[in-house]
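Colleague: What follows is each chain in one-letter form.
Number of protein chains: 2
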Amino acid sequence: MTKKRIVIVGGVAGGATCAARLRRMDEEAEIVVLERGPYVSFANCGLPYYVGNVIQEESKLLLAWPTLFRERFNIEVRTRNEVLAINREASTVSVRDLETGREYSEPYDALVLSPGAAPIRPSWPGIDLPGIFTLRTVPDSREIRHWIDEKKPSKAVVVGGGFIGLEMAENLALRGITVTVVELANQVMPPLDLEMAEYPKQRLESRGVTLALVDAVAEFGQGSNGCLSVHTQSGMAYEADLVVLAIGVRPETMLARDAGLELGERGGIRINSQMRTSDPHIWAVGDAVEVRNRVTGQWELIPLAGLANRQGRVAADAICGRDVHFDGVLGTTVCGFFGLTVALTGATEKSLRRAGMVDFESIYLHPGHHVGYYPGAQPIHLKLLFRKSDGLVLGAQAVGEEGVARRIDVIATAIQMKATVFDLEETELCYAPQYGAAKDPVNMAGMIAANVVRGDAEIAPWDKLDSTEAFLLDVRQPNEFDAGSIPGSVNIPLGQLRSRLGELPTDKEIWVNCGVGQRAYYACRILAQHGLHVRNLSGGFSTYRVMRP
Amino acid sequence: MTKKRIVIVGGVAGGATCAARLRRMDEEAEIVVLERGPYVSFANCGLPYYVGNVIQEESKLLLAWPTLFRERFNIEVRTRNEVLAINREASTVSVRDLETGREYSEPYDALVLSPGAAPIRPSWPGIDLPGIFTLRTVPDSREIRHWIDEKKPSKAVVVGGGFIGLEMAENLALRGITVTVVELANQVMPPLDLEMAEYPKQRLESRGVTLALVDAVAEFGQGSNGCLSVHTQSGMAYEADLVVLAIGVRPETMLARDAGLELGERGGIRINSQMRTSDPHIWAVGDAVEVRNRVTGQWELIPLAGLANRQGRVAADAICGRDVHFDGVLGTTVCGFFGLTVALTGATEKSLRRAGMVDFESIYLHPGHHVGYYPGAQPIHLKLLFRKSDGLVLGAQAVGEEGVARRIDVIATAIQMKATVFDLEETELCYAPQYGAAKDPVNMAGMIAANVVRGDAEIAPWDKLDSTEAFLLDVRQPNEFDAGSIPGSVNIPLGQLRSRLGELPTDKEIWVNCGVGQRAYYACRILAQHGLHVRNLSGGFSTYRVMRP
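Order-wise, the sequence lines are chains A and B. With the working numbering applied, the first sequence has no gaps in its numbers, which climb one by one up to 549 at the end. With the working numbering applied, the second sequence has no gaps in its numbers, which climb one by one up to 549 at the end.
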């Protein structure tokens, strides 16, 4: 039996994981990793924090290096070696050594593509002016650091209000720089549903970040003092000593495309559940491939390190003949800035609508991250999406200062296991006063949603609030009502409701709201049992404030 | 149709939840809550923190009160009314008003028992001396606070090293009191497996708490200055200005027993999955009932507020004719003190052995709570138990400063959903540098365990280390080895292993260890593929240090 020869293109998350796993599965195989850049296995996700000097040493970003691969795994890693083409018929790749310029051919029995994705850098006028950066590699982050150290910029523009853009905004602010974020969408963090994006928006603004939403760069200019100006399509101009482009990444598919491998509808490499491309000898993993969303079934491009690692493992096992499968993604994501944590998993209302799914409902709640009687409780603003017909959990979004990732992780696990909202009601989570509540936010979400599925408490559609003819009932205390209420709503405090039923109409729907939805639920149960048609404005006035900011 | 009349005995967690839920299900029912104590719906779990003055106002501990029940739920709550007996034939309870001494009879259509559990207070000589307290109610905590404020104790003995005892130890320390904990078992926190209890033990000792393990109180004495002395069975005597008994609770079953209701093998009230007792008109919930462990199938007494609430809901729904079920418990528990969080869910090695289950394996790991390159990573010491034949997740225990509850919550959800270790491998959790790792500790645990189930990496049994004839191989770097190693082990660093295979025996097992288990796993894969018989000492030298403290 001859030794199997496996060539891996790209040595960061997916490629490095695949290489190491291959060795564990096959001690005999020859494994060669070809990496165009100077480093393998570096910490992409840490780059914004290196710019912000939260991570102070560049060496911390390097998680492994060629000698380690050699000694520990008997794997040959060649950095600064770029693969130029795949010759499928000969089962070789053409490689250029970027140090020497030498070109050579490398044979393979199995080829793994892990080329990653490149930051999008549109051909806007002036984009090549000094001081305009993207952030994808260690050298990128080093350049931005140097620029900050030398030029001492006081103003920066971040183009793109997604996760990386906002991490950059925080890290630039940490360096004492005033930041403006230009974002095409009408919200920050476009994967979030609009109303959930209101929390991070408010946090950013309260910390001095200027948000230019529904706007895009038209061109960059430069003054005589070297200062950049960012001209936008709306006609605004922002001065900047530094610009960071964070408008997303595009899968590196040139090699795959040139080799005639099948690409998907989103522009990534199309793979099967074993991470195999349309060529049976070629696998692909990481940011360059399209993955199936477990909830919506849609193909997506999700550039996350965790997925790249998992795919690298699956590809390695598949190459070694194991019957393994990559079952798709939930897209669980978390992002933190200015003390706030924003996280989501599974589907959003947006992604469900995009996928044409209509059998769903969403609920809102605002529980504390632990019991209120223990000092320091912080609200978690939580939106849960579930299938209305049977309660299958579809997705969740959460924002808050504490305990956010924990709840999203629990719900991610629940979605993976095809849990229903009835399962969430029963979830048995850690509770002591400083850690949670006897009814954890996840249980609360499950209970509220289960009430909907069981038909005990219908939800009023927030997006119809302006057009509804329903009677709007507010069951909070008068002092709460006086401090702010939904226009047109009538105040009957919960404690008086049973004795004032006569004031309510019997010929139309009653939409009930309170502070966060709990008292409204109690009210709904009272009214429903008296034969009235009621719906709960889920999340109450706390949700209203983000619906109508 | 006549109104249903429901009487609830006990108005704290389970009883209060049941009452409120009943009203939401049935607006017409008459609901009466009879509570012996002065308060309903108070925060038991907060009591140690009120003693420690972390919670400063007693009013914070009161979550609801009779007027709230009256106004919001139209429920009649009678505090200081003690139920003396159940007359099942007449469907009445005999009640004494503790304020007036009046005795009266209260009829019911449905009766819910939520009497809770009472702190165990053995008949040790001197137990009634002033300064010896238990902690179960708001007045209990008030008395201890007064004692601390007035007597300014400098030394305290806490009897019982379980969760409440250790919370008390921390809170007394917060008041400037030096604490000794007397515990019968050979470990603190007896539900934990012995080696996992070593972490909290070390933390307590490092913070100045004296631990008297494998010891028990023989008697209490009092000196002429009023100072107590705690004499133990081992012959030790500890001076104390204050003693808190925290040796567990006993279910309050007197009413149920006198009424001839079936009790279980652990001394709690026996219920079915609808929380119904052996009398079809009587339900029981909370600390007084026995519950079935979802993993081991054993009956257990688990006094936790979350379970009491859930049971109260189920009982209410069942009384209202709904087809609901309480599916048993995982016993998820968390406890924090001196900066450490200790949590567990599902089965422990102990509880599996007690249940006679043998088809299981356990693995250890010590990952950071987030990536190491981001500042501030803290280790999580994690033990995962799973069925060896198919990988079903059975239980987990974790200890660390950060991120512990989060991982136990994920695993609790996984166990509830009958996940396997293969599912844990794939769990898609929140990752950004400050929140976790691309391979989260839960993924790592899943991968290590899945390797065992797939037969890729066998685990060496730590408890056979002293008696094994296996060759002990340590693959760490020489400087690590020199700083401490398992006696008799031979050091061949991982990087040299392939070239030094000849030094290893082919005729016996090789047990491999490293720092935390990862390099040993790499070594195992190399050696196994060379035909050697290898096992990994899971968790490496980090686990060894707690196995051989």
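If you're looking for bench data, these hints aren't it; they were derived computationally from the structure. Just so you know, even glycine gets a beta-carbon here, dropped at the ideal spot from N, CA and C. Check the hints yourself; a few may be wrong.
[What the hints assert, rightly or not] List time: in silico SDA-like cross-link candidates among lysine to any residue, alpha-carbon distance up to 20 Å:
#1 K418/B to T420/A
#2 K418/A to K464/B
#3 K418/A to L194/B
#4 K60/B to P375/A
#5 K464/B to S489/B
#6 K418/A to S489/B
#7 K4/B to D423/A
#8 K350/A to R387/A
#9 K418/B to D423/A
#10 K350/B to L194/B
#11 K155/B to D241/B
#12 K418/A to R294/B
#13 K155/A to E239/A
#14 K60/B to Q378/A
[To be verified] Pairwise CB distance ranges (calculated):
#15 E27/A to E402/B: 30 to 40 Å
#16 L68/B to S273/A: 49 to 59 Å
#17 T210/B to G321/A: 52 to 62 Å
#18 S123/B to Q496/A: 23 to 33 Å
#19 E27/A to G488/B: 39 to 49 Å
#20 E402/B to P107/A: 22 to 32 Å
#21 D359/B to S273/A: 41 to 51 Å
#22 E402/A to P38/B: 41 to 51 Å
#23 R102/A to E503/B: 34 to 44 Å
#24 E28/A to R454/B: 14 to 24 Å
Colleague: With reference to the structure, classify each hint as holding or not holding.
Modeller: Now the hints, each set against the structure:
Proposed proximity of K418/B and T420/A is supported: the alpha carbons are some 14 Å apart, at most 20 Å. Between K418/A and K464/B the alpha-carbon distance is near 40 Å, which puts this suggested pair outside the 20 Å criterion. Between the alpha carbons of K418/A and L194/B the distance comes to roughly 35 Å, so the proposed pair goes past 20 Å and is violated. Note on K60/B and P375/A: the hinted pairing holds, with a Cα-Cα distance of about 10 Å set against a maximum of 20 Å.
Between K464/B and S489/B the CA atoms are separated by roughly 15 Å; this keeps the pair inside 20 Å, and the hint holds. Using a Cα cut-off of 20 Å, the hinted pair K418/A and S489/B is violated, with the two alpha carbons roughly 46 Å apart. With a C-alpha separation of about 30 Å, the suggested pairing of K4/B with D423/A is violated against the 20 Å cut-off. Between the alpha carbons of K350/A and R387/A the distance comes to roughly 15 Å, so the proposed pair stays at or under 20 Å and holds.
Taking the CA atoms of K418/B and D423/A, the gap is near 12 Å; set against the 20 Å cutoff, the hint holds. About 9 Å separates the Cα atoms of K350/B and L194/B, which keeps this hinted pair within 20 Å; it holds. With a C-alpha separation of about 5 Å, the suggested pair K155/B and D241/B falls inside the 20 Å cut-off, and the hint holds. This hinted pair checks out: K418/A and R294/B have alpha carbons roughly 19 Å apart, not beyond 20 Å.
With a CA separation close to 7 Å, the supplied pair K155/A and E239/A stays within the 20 Å bound. For the given pair, K60/B sits about 16 Å from Q378/A by alpha-carbon distance, which is consistent with the 20 Å threshold. Checked against the hint of 30 to 40 Å, the pair E27/A and E402/B passes, with Cβ atoms roughly 37 Å apart. Against the hinted window of 49 to 59 Å, the Cβ-Cβ separation of L68/B and S273/A comes to about 55 Å, which satisfies the hint.
Between T210/B and G321/A the C-beta distance comes to about 59 Å, which sits within the given range of 52 to 62 Å. Between S123/B and Q496/A the CB atoms are about 53 Å apart, so this pair departs from the stated range of 23 to 33 Å. The beta-carbon spacing between E27/A and G488/B, approximately 27 Å, falls outside the hinted interval of 39 to 49 Å. Between E402/B and P107/A, the C-beta spacing of about 48 Å breaks the proposed range 22 to 32 Å.
D359/B and S273/A have their C-beta atoms about 30 Å apart, which leaves the hinted 41 to 51 Å range violated. Between E402/A and P38/B the beta carbons are some 33 Å apart, a value that contradicts the proposed interval 41 to 51 Å. At roughly 40 Å, the beta-carbon separation of R102/A and E503/B lies within the given 34 to 44 Å, and the hint holds. In this structure, E28/A and R454/B meet the distance hint of 14 to 24 Å, their C-beta atoms being roughly 19 Å apart.
The structure fails to meet hints 2, 3, 6, 7, 18, 19, 20, 21 and 22 from the earlier list, while all remaining hints are met.
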